[in-house]
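Trainee: Given only the sequences and the hints, what does the whole structure look like? Please build it.
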Amino acid sequence: MYETQYHRATSVEGAARQMGEAEDGKYLAGGMTLIPTMKQRLASPSDLVDLRRIEALKGVKITGRTVRIGAVTSHYDVSTNVELAKICPAITSLAGHIGDPQVRNMGTIGGSIANNDPAADYPSALLALDATIVTNRRSIAAADYFIGLFETALEPDEIITAVEFTAPDRAAYKKFPNPASLYAMAGVFVAKSGDTVRVAVTGAGENGVFRLEDAETALAADFHASALDNLTVDPNGLLSDLHASAEYRANLVKVMAKRAVAEIASRPM
Amino acid sequence: MGVEGIGARVLRKEDKRFITGKGKYTDDMVVPGMKHATFVRSPHAHARITGIDVDAAKAMSGVVAVLTGSELKADGIGNLICGWMIHSKDGTPMKMGAWSPLATDKVRYVGDAVAIVIADTKGEARDAAEAVEVSYEELPVVVNALDAMQQGAPEIHAEAPDNLIFDWDLGDEAATNAAFAKAAHVTSMDIVNNRLVPNAMEPRATLGVYDSGEDHYTCWTTSQNPHVARLVMSAFYNVAPENKLRVIAPDVGGGFGSKIYIYPEEITCLWASRKTGVPVKWVADRTESFLTDAHGRDHVTHAEIAFDSDHRILGLKVATIANLGAYMSLFSSCVPTYLYATLLSGQYAIPAIHANVKTVYTNTAPVDAYRGAGRPEATYVLERIMETAARELKISPAELRRKNFVKSFPHQTPVIMCYDAGDFDATLDAAMNAADYAGFENRRQEAAKRGKLRGIGMSCYIEACGLAPSSAVGSLGAGVGLWESAEVRVNAVGTIEILTGSHSHGQGHETTFAQLAAERFGVPIDSVSIVHGDTDKVQMGMGTYGSRSGAVGMSAIAKALDKVEAKAKKIAAHLLEADEADIEIKNGDVRVAGTDKSVPWFQVALAAYTAHNLPSGMEPGLKEGAFYDPSNFTFPGGCHICEVEIDPETGTTEIVQFVAADDFGNIINPMIVEGQVHGGLAQGIGQALLEATHYDASGQLLTASYMDYTMPRAVDLPSFTVTNTVTACPSNPLGVKGCGEAGAIGSPPAVINAVTDAISNNNLAMPATPQNVWAALQAAK
Amino acid sequence: MAKVELVVNGRAVKGEAEDRTLLVHFLRENLGLTGTHVGCDTSQCGTCIVHVDGRAVKSCTMLAAQASGSTVTTIEGLGLNGELHPLQAAFREHHALQCGFCTPGMLMSSADLIRRHPDGLDEATVRLELEGNICRCTGYHNIVKAVLDASEKMGKGAEKAA
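The listed protein sequences derive, respectively, from chains A, B and C.
For the first sequence, counting from 1, position 13 maps to 13 in the working numbering; every step adds exactly one.
For the second sequence, counting from 1, position 295 maps to 295 in the working numbering; every step adds exactly one.
For the third sequence, counting from 1, position 135 maps to 135 in the working numbering; every step adds exactly one.
Derived by calculation from the structure, the hints in this document are not laboratory data.
Don't take every hint at face value.
[As the list claims (entries may be wrong)] Stretch-level coverage of chain C by chain A, calculated; a stretch enters the list once three of its residues show a Cβ under 8 Å from a Cβ in chain A:
1. 17 to 24
2. 60 to 66
3. 81 to 93
[To be verified] Partial list, derived from the structure: chain C residues whose beta carbon lies under 7 Å from chain A:
4. A2
5. D41
6. T42
7. S43
8. G54
9. R55
10. L128
11. E129
12. E131
13. G132
Bear in mind the structure is a predicted one, so any value in this text is a computation, not a measurement.
All C-beta atoms, glycine included, are put in the ideal place defined by N, C-alpha and C.
Mentor: Written out as structure tokens, the structure reads:
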């Protein structure tokens, strides 16, 4: 790791100020991606502004079916939130399967979506849930937020403060992990609210998370796994690497989508 | 057996320090004034070095020195060598290219060391390493063994035209051809054995300390064989004469072969310590380990097997190309030859075998022994082709094997080995019973109802351990003898220290070896200490690899115990005024058999050291040494059965049961033996299902971290069913055969035979990753 | 330089380190607690796991400065009053270690796992939840047995004891 200057923020305003004073700073939350990247000397921020101890950014707040997850809430805290599990078990289950237990203890939802790794789990949930990303300046719809590989609508010094969404009627997330890294090789989040079905895919797209509109249409008409039997996922535009060719990923997307729908069907209403 | 003697499940003496965080590994060593080293490594797989500018790096904060290969050469440090001479079939010696610890003219793989930077902290050393400017003129690259043999392939070493190191033959080609001419059925196949990265969890590390007052060097290192390290560094690398070089291998966090060899880093750090006057520590990070630890396997083979009309094997032909990487590592030449082709007869009576092995250089990390070393490759070839033949002949794979088993011993194979003992029917039966082989068809049908493809596969392996009779390996080209040494020191109060040339890096020697003394003298194992891993303490030893510590290392101890016992009996007979032949040692007492006359063990020891009342002419003391040179290899064998379920939608393989029935001869500590089997199975299953090493065409290692190289995790493996049968080994005093590698040898073909059975497509290479299995399923549609 | 203040294994410690210093290096080099190991560069092997404020984390993926102000337990502090922790005893009893290098991290991870499952564990859960730990020696067979045994022995009081 190159030398860097560490700053601990205690408020969002303070963090923004510290970032403003830094030459080439980066916000640090759980650090689960940033620190390994720095260790490999692939990133060399002059300053790190640590957000993880800002109390205002922690915790899950539920009002009716409206959910607000503070940006530095750990994956573990999301996964074990009993109230959240009652209205949106898909998101607690997703959080409970990110990385490994130690990653879940440190990693945060804000850090995950700020980084927007194409194989991260949360982006698919937020896109399928039509969530809002709240920053210290504005609110951004998930559809406008995720732009490409590691690319988001965030300005360099902007801070995510929370994620908000309305719990869907029913939802499920299924992923097929990369056998080595455990990141999603294909992860599909299916959310149904009323007659609207949204299906978002992570781990597979060359441009990061995307919606699978053919599946949404088919499921809106008939919300059963079998409705996807004839779905064709186009390998064009999908990632291809040592562990999964685009064709294999296309297959996994379809299989994971079907399994997510089947899981919803198997769950008591 | 006593509660702590031979055969007892004794808990490990060494565990306490490991479970409380008090283990002492090389990276835990701190000496005054110690500085930290980073190696500048080639980012290119093949390039000429046209210049090295170290000025900017030397000027950086905290930097003590930046040293290059030309300075190392100027000080007379020698090139690394391969210590086993192989001659090609035309009689010419193998073509060994020069390997300088720090490259001077050319780099030949990504990770090749070019310079060493020494600084106050590891961070500063790394900062400065980035400032060393090496100018390269890139050369064409070849990473694949078959490509390296093509006309016009880039030449990696001037010493080896066409990149061919040797073209070696074993067996009778004419007799084998004649056997094939009579065949009723011939099965042939191409078989690839995938390259693996050893990945001991402790990365390699070394601390070199030069003491100018004594003109003496100390080398702490992550080694499986510190004495061999000292020998080689003295005799070939001119680091220091043996009496001025102490090598210490303290707690070592796994080896699996990769810590047998002497690498450039130990040599360079020792030399650099003298050059700079400061102790120099280097610890590999994991990516360096991936790039520079000697890899394993990487064979491409064509095999043919001939049967008569009664399904008896008539002959076997094997042609293998082995990729040895960019340089010949210490034992690289013997792995694809004498540790491979000599095992191609497997458990079968095969009248004629012919094997040809060509080894080649490529622009990849050096390849050497990795758990099993040659024997897994032989077993994979033979057990894949036997399974395939059974499918072609439409007969039970178990019965085809059984029909061809060697049934009487000793059995001379056509490929050097003479099997001394075994009972292959017994291990096959034990495995089939434990696996409920007969009930498989019902389980397959039940799985099909759940949409799963269920398959079963077996592998009947034999391996050669206890390396090995020195005269035999000497005649085959080995540069060293493969005996082992031991010294048993009985202290004046009766406690015992056993010094051994074997090295424990997870095998539990501190317990198992102590059990030998407990068995012999009836003393508690807590009163027995095992001393190993330090050339200043133990005189000479050959170290631990090839499952030799039991068969050879413990035999040496047994021999030394014989001598101690004989002297103790003489002393006791004198003290008890009895005949020496009537003395027996039991439960810590030395007694006259059939009487109540006895003297406690510690009094015999005390008498040896007070020397007040010893038999006339006897020297004081109770300490004996022994060197044991085995009379033969040992031949563990067994049968592994794997049962899998495959999810056809994703290609995911789940191992639903894995049975290993092994014959390791007599067993000293069954708990430790089972642990060795479990670990070997995990590595074998890892090879079969998970672990792939990929270089791209430019020689970059794509799988250089755990982000891309799939290590077996707990969730990837089942609980294993491990059982054993016993035929005692007649070739050593303890009747033991060795158990360290069997798991990794027997399991890969069992897994792949099961997966190919499940998917009804025999054309599947390791590792059977979900993607590969899914693709094979699509191809079979 | 960063000022680092921690409570490690019950003892308040202070030190200075470069801002880039990882917690694992602070523990090993500044405090001499060499039971915590480094086995990879990508936060996957788990040999560096310690507890920070009661939760298992990979100390190779946390800056010492980030941890400042926290309570840290390392393998050296897992046992209670000089006695082996039930997990340590179970690892020995079941031969759940060979070379010992992954063992400290495996133990710290398992202690956290048992704490999170006070109602008990099954084999599948243990295997899944050890995702963050790699062992090259044991094939995990005996590790899984040891964790299940310790979990059972610690019973409902697991949350407290861990």
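Trainee: Work down the list of hints and note, for each, if the structure agrees.
Mentor: How the hints compare with the structure:
A stretch counts as covered by a chain when three or more of its residues have a beta carbon under 8 Å from one of that chain; for the region 17 to 24 of chain C and chain A the count is 4, and the coverage holds. By the rule of at least three residues with a Cβ nearer than 8 Å to a Cβ of chain A, the coverage given for the region 60 to 66 of chain C holds, with 6 such residues. Coverage of the region 81 to 93 of chain C by chain A is violated. Counting CB-CB distances below 8 Å, 0 residues qualify, and the rule asks for three or more. With its C-beta approaching chain A no nearer than about 6 Å, A2(C) sits inside the 7 Å limit, and its interface hint holds.
With a cut of 7 Å, the hint placing D41(C) at the interface with chain A holds, because the nearest CB-to-CB distance is about 6 Å. Of the supplied interface hints, the one on T42(C) holds, with its beta-carbon coming within about 6 Å of a beta-carbon of chain A, less than 7 Å. Using the Cβ-Cβ criterion of 7 Å, the hint placing S43(C) at the interface with chain A is satisfied: the shortest such distance is roughly 5 Å. Hint status for G54(C) relative to chain A: violated, with the closest Cβ pair at about 10 Å, above 7 Å.
Checking R55(C) against chain A: minimum C-beta separation of about 4 Å stays under 7 Å; hint holds. Checking L128(C) against chain A: minimum C-beta separation of about 9 Å lies over 7 Å; hint violated. Proximity of E129(C) to chain A holds as hinted, the smallest CB-CB distance being about 6 Å (cut-off 7 Å). Against a cut-off of 7 Å between C-beta atoms, the interface hint on E131(C) holds, since the closest Cβ of chain A lies about 4 Å away.
Using the Cβ-Cβ criterion of 7 Å, the hint placing G132(C) at the interface with chain A is satisfied: the shortest such distance is roughly 3 Å.
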